[in-house]
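Enquirer: Here is what each chain is made of, one letter per residue.
Protein chains: 2
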Amino acid sequence: MRAAEIDEEYPVVDIDSPAVDAARMLAEHSLPGIVVLTADGQLYAVLPASQVVRLIVPGYVQEDPLLARVLAESVADRAVETLGGKTIRELLPQQRLRLPIANADDTILEVATIMGMMRSPLIAVMKQGKLHGVITASRLSAMALKCALAGVSA
Amino acid sequence: MRAAEIDEEYPVVDIDSPAVDAARMLAEHSLPGIVVLTADGQLYAVLPASQVVRLIVPGYVQEDPLLARVLAESVADRAVETLGGKTIRELLPQQRLRLPIANADDTILEVATIMGMMRSPLIAVMKQGKLHGVITASRLSAMALKCALAGVSA
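Those protein sequence lines, which keep their order, are chains A and B. Going by this note's numbering, the residue at position 139 of the first sequence is 139; the numbering climbs one at a time, nothing skipped. Going by this note's numbering, the residue at position 92 of the second sequence is 92; the numbering climbs one at a time, nothing skipped.
Worth flagging that the hints you see were computed from the coordinates, not collected in a lab. Any given hint could be a false lead.
Copies of the same chain look alike in the list, so a pair counts if it fits in one copy or across any two.
[Unchecked claim] Okay, derived cross-link-like pairs now, SDA-like style, lysine to any residue, Cα gap no bigger than 20 angstroms in a straight line:
hint, residue 1, residue 2
1, K146, P18
2, K130, Y60
3, K86, G59
4, K127, L91
5, K146, E28
6, K130, A39
7, K127, A104
8, K146, P58
9, K86, A39
10, K86, D105
11, K146, A4
12, K86, R24
13, K86, K146
14, K146, T87
15, K146, L99
16, K146, G85
17, K127, R69
18, K130, R98
19, K130, S30
20, K146, L97
21, K86, E8
22, K130, L67
23, K146, L91
24, K146, D21
25, K127, E63
26, K130, L71
Here chain A stands alone, though its shape is the one from the complex:
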């Protein structure tokens, strides 16, 4: 099995759309993460849900996580409110993130290895420099299961 055979269509979000749109995608569809494109359709970022959630943590708390402990509940709730009104671009880290990507002809084992190493529950599959589809951990598990069951019954 090759990556391009098992990848799927996946919702994408524009880098200049409101950050609440990304949160809404995760919240409503239980997606494992978001795929962020630039205005001209280039892949810009693939963010695991845990890192989307991180966008709602104010920079001063990310730099000193112990602060999260000492902030009162009302202040903590208010900090989370900062998500409102910002775009995804504004909340992304300044330095470009490493992209969890695989090539169209990578094997299922290569995809699993990339997924594990990068701790990303979704992998963008690239073909000739363009986004071909996405493989989620759920999808990969389903495929691995097929192989495993085939192995057991063989």
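Could you slot chain B onto chain A? The hints should help.
Expert: The following block gives chain B in isolation, referenced to the frame of chain A:
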């Protein structure tokens, strides 16, 4: 908002159950990860889906990821088959994993901070040493969204 107010029931899996059960849970219910308990109901591990997928990568490839590249497709497919017949305990790393946990009275900001730092899309909420519930990144996004929209309209 406190962790124990927003956590939810979540499917758990016994450490001695077949690893294919874990893969099946991910595959069928698109869960963000699995919660592993010991036979006496103690929390043993919380594995993000990306790390469950990693269980199907043979140890020799985990140690030398470049190997994944050079294995032929048939060998790669066969390696994945090793998942069949093994228990979760057999596939877990020897050294105990750090648990992504929060306390029942942690704020939403603390939970988001732990989630981001540990890159875990699910956090086990503990109350008096016992598993009280789980907060997924989707759930946290939904709550953050509520706060953000409240902030915008205020």
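Enquirer: Each hint should be assessed against the structure and marked as holding or not.
Expert: Hint check:
| no. | hint | verdict |
| --- | --- | --- |
| 1 | K146 - P18 | between (39 angstroms within a copy, 15 angstroms between copies) |
| 2 | K130 - Y60 | neither (36 angstroms within a copy, 32 angstroms between copies) |
| 3 | K86 - G59 | within (14 angstroms within a copy, 43 angstroms between copies) |
| 4 | K127 - L91 | neither (28 angstroms within a copy, 33 angstroms between copies) |
| 5 | K146 - E28 | between (29 angstroms within a copy, 13 angstroms between copies) |
| 6 | K130 - A39 | within (14 angstroms within a copy, 47 angstroms between copies) |
| 7 | K127 - A104 | within (5 angstroms within a copy, 46 angstroms between copies) |
| 8 | K146 - P58 | between (43 angstroms within a copy, 17 angstroms between copies) |
| 9 | K86 - A39 | within (17 angstroms within a copy, 46 angstroms between copies) |
| 10 | K86 - D105 | neither (38 angstroms within a copy, 28 angstroms between copies) |
| 11 | K146 - A4 | within (17 angstroms within a copy, 38 angstroms between copies) |
| 12 | K86 - R24 | within (14 angstroms within a copy, 38 angstroms between copies) |
| 13 | K86 - K146 | between (43 angstroms within a copy, 15 angstroms between copies) |
| 14 | K146 - T87 | between (40 angstroms within a copy, 17 angstroms between copies) |
| 15 | K146 - L99 | neither (28 angstroms within a copy, 30 angstroms between copies) |
| 16 | K146 - G85 | between (44 angstroms within a copy, 13 angstroms between copies) |
| 17 | K127 - R69 | between (45 angstroms within a copy, 17 angstroms between copies) |
| 18 | K130 - R98 | within (16 angstroms within a copy, 37 angstroms between copies) |
| 19 | K130 - S30 | neither (25 angstroms within a copy, 26 angstroms between copies) |
| 20 | K146 - L97 | neither (33 angstroms within a copy, 28 angstroms between copies) |
| 21 | K86 - E8 | neither (29 angstroms within a copy, 29 angstroms between copies) |
| 22 | K130 - L67 | neither (41 angstroms within a copy, 26 angstroms between copies) |
| 23 | K146 - L91 | between (39 angstroms within a copy, 18 angstroms between copies) |
| 24 | K146 - D21 | between (35 angstroms within a copy, 12 angstroms between copies) |
| 25 | K127 - E63 | neither (37 angstroms within a copy, 28 angstroms between copies) |
| 26 | K130 - L71 | neither (44 angstroms within a copy, 25 angstroms between copies) |
Hints 2, 4, 10, 15, 19, 20, 21, 22, 25, 26 from the list above are not met by this structure, while the remaining hints are.
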